[in-house]
Amino acid sequence: MLALQILIDGFAISALYALGATGFTLIFGVSGVLNLSHGAIMVAAAVAAWAAASVFQLDSYSGALVGVAIAALLSLLTYFVVVQPIQRSNKIPNEEKEIFVLTATLLWGIMIQEAIAYFFTNNAKTVLPIIEGVVKIAGIRTPANTLFTAAVCCLVIALLWVLVNRTRTGKVVLAASMNPRGVTILGFELTNVYIVVWIIYGVLAGIAGVLLGMFLGVSSYSVGPLTASAFSIVVLGGLGSVSGSLIAAFVVGYLETFTAYMISPAYRSIPALLLLVIVMYIRPQGLLGRR
Amino acid sequence: MTSTTPRRTAWSLILLGATALGLSLSSAANAADPIKIGVIAEAQAIAGASIPQAAQMAADEINAKGGVDGRQIQIVAYDNHSSSADSVRAFQRAVNEDKVNAVITSYISEVVLALEPWASRLKTLMITPGAASNEITRAIHENYDKNKYTFHGYLTSAALAQSVCDAAKDLLVDGKKMKTAVIMSEDAAWTKPLDIGYQECLPKIGLKVLDHIRFSPDTTDFTPIFNKIESSKPDVIITGISHVGVQPTVQWKNQQVPIPMFGISSQATNSTFGKDTNNAADGVLYQGVSGPGVAVTPKSVPFAENFKKKFGNYPSYAGYTSYDEVYMIADAAKRAGSTDSDKLVAAMEKTDWEGTIGRVQFYGKEDKFTHGIKYGKGLITGLILQWQDGQQVAVWPKDVAKAQLKFPSFIKFSSAN
Numbered sequence: 001m002l003a004l005q006i007l008i009d010g011f012a013i014s015a016l017y018a019l020g021a022t023g024f025t026l027i028f029g030v031s032g033v034l035n036l037s038h039g040a041i042m043v044a045a046a047v048a049a050w051a052a053a054s055v056f057q058l059d060s061y062s063g064a065l066v067g068v069a070i071a072a073l074l075s076l077l078t079y080f081v082v083v084q085p086i087q088r089s090n091k092i093p094n095e096e097k098e099i100f101v102l103t104a105t106l107l108w109g110i111m112i113q114e115a116i117a118y119f120f121t122n123n124a125k126t127v128l129p130i131i132e133g134v135v136k137i138a139g140i141r142t143p144a145n146t147l148f149t150a151a152v153c154c155l156v157i158a159l160l161w162v163l164v165n166r167t168r169t170g171k172v173v174l175a176a177s178m179n180p181r182g183v184t185i186l187g188f189e190l191t192n193v194y195i196v197v198w199i200i201y202g203v204l205a206g207i208a209g210v211l212l213g214m215f216l217g218v219s220s221y222s223v224g225p226l227t228a229s230a231f232s233i234v235v236l237g238g239l240g241s242v243s244g245s246l247i248a249a250f251v252v253g254y255l256e257t258f259t260a261y262m263i264s265p266a267y268r269s270i271p272a273l274l275l276l277v278i279v280m281y282i283r284p285q286g287l288l289g290r291r
Numbered sequence: 001m002t003s004t005t006p007r008r009t010a011w012s013l014i015l016l017g018a019t020a021l022g023l024s025l026s027s028a029a030n031a032a033d034p035i036k037i038g039v040i041a042e043a044q045a046i047a048g049a050s051i052p053q054a055a056q057m058a059a060d061e062i063n064a065k066g067g068v069d070g071r072q073i074q075i076v077a078y079d080n081h082s083s084s085a086d087s088v089r090a091f092q093r094a095v096n097e098d099k100v101n102a103v104i105t106s107y108i109s110e111v112v113l114a115l116e117p118w119a120s121r122l123k124t125l126m127i128t129p130g131a132a133s134n135e136i137t138r139a140i141h142e143n144y145d146k147n148k149y150t151f152h153g154y155l156t157s158a159a160l161a162q163s164v165c166d167a168a169k170d171l172l173v174d175g176k177k178m179k180t181a182v183i184m185s186e187d188a189a190w191t192k193p194l195d196i197g198y199q200e201c202l203p204k205i206g207l208k209v210l211d212h213i214r215f216s217p218d219t220t221d222f223t224p225i226f227n228k229i230e231s232s233k234p235d236v237i238i239t240g241i242s243h244v245g246v247q248p249t250v251q252w253k254n255q256q257v258p259i260p261m262f263g264i265s266s267q268a269t270n271s272t273f274g275k276d277t278n279n280a281a282d283g284v285l286y287q288g289v290s291g292p293g294v295a296v297t298p299k300s301v302p303f304a305e306n307f308k309k310k311f312g313n314y315p316s317y318a319g320y321t322s323y324d325e326v327y328m329i330a331d332a333a334k335r336a337g338s339t340d341s342d343k344l345v346a347a348m349e350k351t352d353w354e355g356t357i358g359r360v361q362f363y364g365k366e367d368k369f370t371h372g373i374k375y376g377k378g379l380i381t382g383l384i385l386q387w388q389d390g391q392q393v394a395v396w397p398k399d400v401a402k403a404q405l406k407f408p409s410f411i412k413f414s415s416a417n
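Sequence order for the protein chains is A and B.
Numbering follows this note's numbering, with no gaps: position 213 of the first sequence is 213.
Numbering follows this note's numbering, with no gaps: position 313 of the second sequence is 313.
No wet-lab data here; the hints were simulated from the structure.
Watch out, some of these pointers could steer you wrong.
Stated by the list, open to error - Derived Cβ-Cβ restraints for the label pairs, each shown as a range:
| id | chain 1 | residue 1 | chain 2 | residue 2 | range |
| --- | --- | --- | --- | --- | --- |
| 1 | A | Leu7 | B | Asn143 | 50 to 58 Å |
| 2 | A | Leu2 | B | Leu210 | 15 to 23 Å |
| 3 | B | Asp218 | A | Met1 | 27 to 35 Å |
| 4 | B | Gly376 | A | Tyr118 | 35 to 43 Å |
| 5 | B | Asp218 | A | Ile99 | 24 to 32 Å |
Unchecked claim - Calculated from the model, a selection of chain A residues having no Cβ within reach of chain B, i.e. all distances over 10 Å:
| id | residue |
| --- | --- |
| 6 | Phe80 |
| 7 | Val81 |
| 8 | Ile99 |
| 9 | Leu102 |
| 10 | Leu107 |
Small disclaimer: the values here were computed from a predicted structure and weren't measured.
The C-beta atom is built at its ideal place from N, Cα and C for all residues, glycine as well.
When you get a sec, could you build the whole thing from the sequences and use the hints?
Structure representation (structure tokens):
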């Protein structure tokens, strides 16, 4: 009974982690950017979806779409306002650009976080669930929306796989992650590739944010922990490796759920962080890392 | 360097001149000096945002009637970003630079506990409109001469627990024949004495405590907690939550946890709680000292309505107390005939003020909860309200109750009835 409970709860939260981390690792893999405004973009999506439904009286589907659209917009803004000027700057030495981008995206995230707190207070908000009610799985009462969340996460990740591996655009993106100069020589504008990747990233982070808002609820306080959890999952899985991130997301999700049930909800995140430290000692490149 | 030096000298001369002018002006205007009240609060939190707004409203009302013996009340507001460190800096600035006569501060116990030694060091009257920890009054009781500058303008955790038990006896034990409970509270300074209070008084009223769950205030997934509670099959969940509120409430509804929640749920006192939870709040029972439309005293409803007219939303619980506290400080200053801190403290101790949450008197030096507000009939007893169809409705005590208890359909009363 308890095992089944852990299995169901753990799957939903892991799938959500996986979706959140996939975009994060994709951006790193393709453009080398560790986007520390990740949590802020997810929270912005959830709060926008909440506001669309609660303040502007839209239905839950339209609300969710508004949330995803806001995330995609913010993601593009992040690229054009924060990341691109640093990458193109002649004044910043190339070897320092990564650290500049890291700091700039962190500050950008804080700015988004403060703006959300200013306009919508720091109280938690929850997005209207798309499916109401509960279903019983072998006696375990599970909110239908939790199953919906898990299903959407898996579907989106599958679509991403198809996009990257089976479409022309995806192949260019994949090529850019392996050899940016080669892609340029073949006649593709690298900026366009980056724009596509940032849009994909925005949509992924937006869907993850909105689903998180439905599943658990978010507040401006969630920004830091969300970025940190995506970051640790991605590091655990191996920077830039999408499949590594997926595996790591499930490891972390189940470890947390198991701890919450079997030890105490108060220590939920501790074992996963310990695991991260251990992996960093034994295998610094992460589970499936390339570098 | 050389070119800036003469310019700097010129600037310092101008500054000196301005300071001298300021000094001479201030000494000349002594009699009509305003009474300055610093307000340090959490501008981004719903509970905190009402604190400076309500204080300003009270000051405007007092000033419109001529102030205190011709002296105007001036509110100086500081945003503490919910941080103790920021609050200490704001407190020092308020006292040392802005020369405030008294400080109203914060609904967070940790913040008030950090400021209490500063009120003592800087000998400045300080009162909290919303923190609850017993530690605040304990420090005053144990070292009165040093800590007498602090007043606890809201119910202590012990009184809150008592208020919840008094109401639970009527509503749950007598009304719904309930017999068992699980305590669910967040791990924070204010809930430690609250939980002790719960564990003492719940068995006395006939509710056996089956389990006691404390969780980290940054918990986001409450599924394991609710499942654990459900497995012990209690009739009711007795809550002690403030830092969290929206998330457990929404998950309680989404998971259709069949057990009602009753107790302290500070976020539920906010009028926006219904919207924030997409009405998952329906059925939640919470303790409060005030509520929209509840005439605890003749002052309660007019204050809430005027506040809404001015700021667009009803005040948070700390808004009511903050409003009363400005009046109490003004009243004390009038009786003391001075804003000297020791005289102000002595006058505050004799406070007998009918405010928006009831009749406020403070416990004395010899009482256990020195400078806490007195709890009891004819003073302050608190209320129990319930979210019903997106509205906050008073259900206890009988004299202000407007409706019967009403629960969403997923709530099942097991051993009850």
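Quick rundown of the hints versus the structure:
no. : hint                            : verdict
1   : A:Leu7 - B:Asn143: 50 to 58 Å   : holds, 55 Å
2   : A:Leu2 - B:Leu210: 15 to 23 Å   : holds, 18 Å
3   : B:Asp218 - A:Met1: 27 to 35 Å   : holds, 28 Å
4   : B:Gly376 - A:Tyr118: 35 to 43 Å : holds, 41 Å
5   : B:Asp218 - A:Ile99: 24 to 32 Å  : holds, 29 Å
6   : Phe80                           : holds, 28 Å
7   : Val81                           : holds, 24 Å
8   : Ile99                           : holds, 27 Å
9   : Leu102                          : holds, 24 Å
10  : Leu107                          : holds, 17 Å
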